[in-house]
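Novice: Residue-level listing of the chains:
2 protein chains.
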Amino acid sequence: MLASKQKKKKYLSYLIRPRSIALVGASANKSKIGGIIWSYLQSFSGKKYPVNIKQETIDGIRTYNRIIDIPEEVDLAIIAVPAKNVPSVIDDCIEKNVKAAIIISSGFSEIGEQGKKLEDEIKNKISSTNLVVLGPNTLGVYVPSIGLDSMFVVKEKSRRPGKGPIAYISQSGASAVGFMDMAEYHHYGISAFVGLGNKLDVNENDMLELFCDEKDTKVICMHLESIVDGQRLLKLCKKITPSKPVIILKAGRSEAGARAAMLHTGSMAKPSQAMDGAFKQVGIIKANDMLELFDYSRILAYQKPMFGPNVAVVTSGGGYGVIATDYIEDSSVGGGLRMAEISIRSKEKLREKLPGFASVNNPIDLTGNVTDEMFDHAFNVVNEDENVDGILSFPLIQTPLTTDKLVEITEWWFKNGKKPMVPCIIGGSYSEEVIRKLEARGVPVFPDIRRAVLSLRVLYERGKYLMKVKKGEKFKFEKRE
Amino acid sequence: MLASKQKKKKYLSYLIRPRSIALVGASANKSKIGGIIWSYLQSFSGKKYPVNIKQETIDGIRTYNRIIDIPEEVDLAIIAVPAKNVPSVIDDCIEKNVKAAIIISSGFSEIGEQGKKLEDEIKNKISSTNLVVLGPNTLGVYVPSIGLDSMFVVKEKSRRPGKGPIAYISQSGASAVGFMDMAEYHHYGISAFVGLGNKLDVNENDMLELFCDEKDTKVICMHLESIVDGQRLLKLCKKITPSKPVIILKAGRSEAGARAAMLHTGSMAKPSQAMDGAFKQVGIIKANDMLELFDYSRILAYQKPMFGPNVAVVTSGGGYGVIATDYIEDSSVGGGLRMAEISIRSKEKLREKLPGFASVNNPIDLTGNVTDEMFDHAFNVVNEDENVDGILSFPLIQTPLTTDKLVEITEWWFKNGKKPMVPCIIGGSYSEEVIRKLEARGVPVFPDIRRAVLSLRVLYERGKYLMKVKKGEKFKFEKRE
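Top line first, the protein sequences correspond to chains A and B. The numbering of the first sequence is the working numbering, which starts it at 1 and goes up by one. The numbering of the second sequence is the working numbering, which starts it at 1 and goes up by one.
No lab work stands behind these hints: they were computed from the structure. Please read all numbers here as calculations on a predicted model, not as lab measurements. Be aware that a few hints might be false.
No distinction is drawn between identical chains; accordingly, a pair holds when it is met within one copy or between any pair of copies.
[Claimed, not checked] In silico PhoX-like cross-links for lysine-lysine, where the CA-CA straight-line distance does not exceed 25 Å: (1) 238 / 10; (2) 353 / 32; (3) 239 / 470; (4) 155 / 405; (5) 9 / 54; (6) 8 / 405; (7) 30 / 405; (8) 155 / 437.
Could you put together the complete structure from these sequences and hints?
Specialist: Shown next, in the form of structure tokens:
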């Protein structure tokens, strides 16, 4: 049993690291699912074989009638044929000793009893084999580092993110489309996307096992509508979270939401009464929607944790500072964050280079006369202040004297500061330009004060958890210096 | 006393509807505040006079040494000279019988005792006159319909919104810059912006009096850091809110935030314990930050109220529907909204034109095969359903079969449906394009599920309030048909 488990774990990796792929249902017709996938598979760096019983060639390439006709080894089969034909394709996969299969096709348990039977039939077929099956009813996988893209949504409308440190697992295909499109726009990079679909075989716990050891993955984020085995999920997360943050959006929290989830994926979502506490216990960061999942995973991937609750707000808009303070001190948003007491020495240092009417209290208000250098100076001072654990950077980007150099300065402190920093920018066209520039440099920017404060809160939650599991002070010291 | 009050109220209108303006401190130097304002005043449709004691001409136009040298009547003086020179300019304004003055200059109570004395001096001067004074320490006013723009932030970085139904009053200049820049980007139109600054004379209650009767203004939104006279504010709002929604962001709600507000504007922010209840009582909609102020004012300006709690979610992304359901049913976000029970007749009608695997329960999931016509059909059905009070439109915009026509369909139902509809779209470049198109047609779009649900909640709060003050059922019937 253990041997089989380990083998299964090994086979899982072929879902995201195959050397060769067969596309069953490959088509020359670009308006068909098998046509879209075949065209996007051309970027795959390994071998790819089109399987189609009706077409002899696709774009001049010879097709195979069945997987078993392919003369070489096949690591991954991507299946895009009508549901009723899938069981026989699975037979072929088993015969050919394919390691992993993705059933893109829909028409299974999500449509009711008849589809459920088809799923059971496939379950039976694979139960005594090592074949791992993802789906059905899924977008499949997307792994930018090897050009693997099984998603049947056209790139013109739905872009794909670049390479990066985040593994993204979603039980909702639709949300995944919106999420990844948004990710590309914000230069949010992923190591792999895996769409779970109906979870006939592969589920979220398998993904935790897979990405736990996957070295390109620094953060795991999951959008789930049901939880297959909560105890196992918690156990796995307890093992993973000391080294990699795990963020989970469990949709279907309300009773009506759970009903909607059941109708949507055919899986029963369990009520979440005790879930929040258990999640927190094992270091899971909870997200309430796609945007939180997006924000928390990118800030945890690109920024260091925060090892105390004290936030310095560095702004050039006095009114911004007041609103930020309200959110930081409101426990329902800040969750225990508080405004740092800027040290007397820091205040003196700030005064050296700031205009007389600037405020050196927290929020530090550099005023509308702020220059790039003043921001640089203020970031320096708060990074050195022992009373400060994290920084909210909130420039009024429309003031006259700051320039493009502020982008560089913000990037530098975001990446090299001792304390974690979260940037917030609000405005229109010019702000959008600045945000695009910063995000292209790997600096996530929040166009919403509340989202920025929530992200700081998550960095602090992460810091508290690490101090707990790594026995506190020593770790704190190590990370700070 | 009453006579003087009425006169003052009349004079207030010269702040936003002057026939002639004198700019004291006008300059030919475009990097000076008086230079920026003079250049933007060129778009003003009335008469404008540059006042500058040092320069003979500005761009070939003859300047005046003092306001009293101007041979014709001056309705509004905009003052942009150093703080210490302001009192003598106020003397001139009184002598010249100017109706309203805006003190742009900073260096008053916000810098401490010395500035406070200057303010008191000006207060004394105007106390026995009808001159109304806005500021000091303010961006002044912006009234797109007459090209009046006293804001000294350059348009390259900080764009100005177009004409529209929203009056925007802000005590924070910085936030106003960010807010209006954002407003322009989202085609949010304003009737007027007024920056309150230090509120030496004119305050938020004067603004409520002014915009109460201002026919271009359908919605009043205010960003306040202090409240001068809470009782009067509530009394005024009670009078206004039955006909015009009032949305207030009271920043400085936390103790630390109130301290920050005091440091920032020199005004003491009162604790807000009982405020929420009192606000609700008189129909004020409360916003927690700039984005909520923005969202609530635009949805109230462009969409009808909601006269019951039942929301129909129309989506093409099953996962989207689940998250939306969670928020609608979560009272901390939905605030009493709930998922509508779609009627049997509506379900039948939906099934007529939807694919078999679509869900006709709520959330209504049109699936990835959705066409423009299916959205049109679904919007029609839920608008006719007696069980539905409002609609969340949440297309997965990346699906292949919908086209640009969906923009027109969404616009039509947004503007002509019997039930209020709030659109939510999430994604990247293509979504941004669609959102830009919809917003250019006057349809606000929310790129965030939580914000969309909060906006529906606000429409429902507004509906409940109107039913209460207008004695319910009759009004409900009128608005629905």
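Novice: Can you give the numbers of the hints that this structure goes against, from lowest to highest?
Specialist: Of the numbered hints given earlier, those the structure breaks are 5, 6, listed in rising order.
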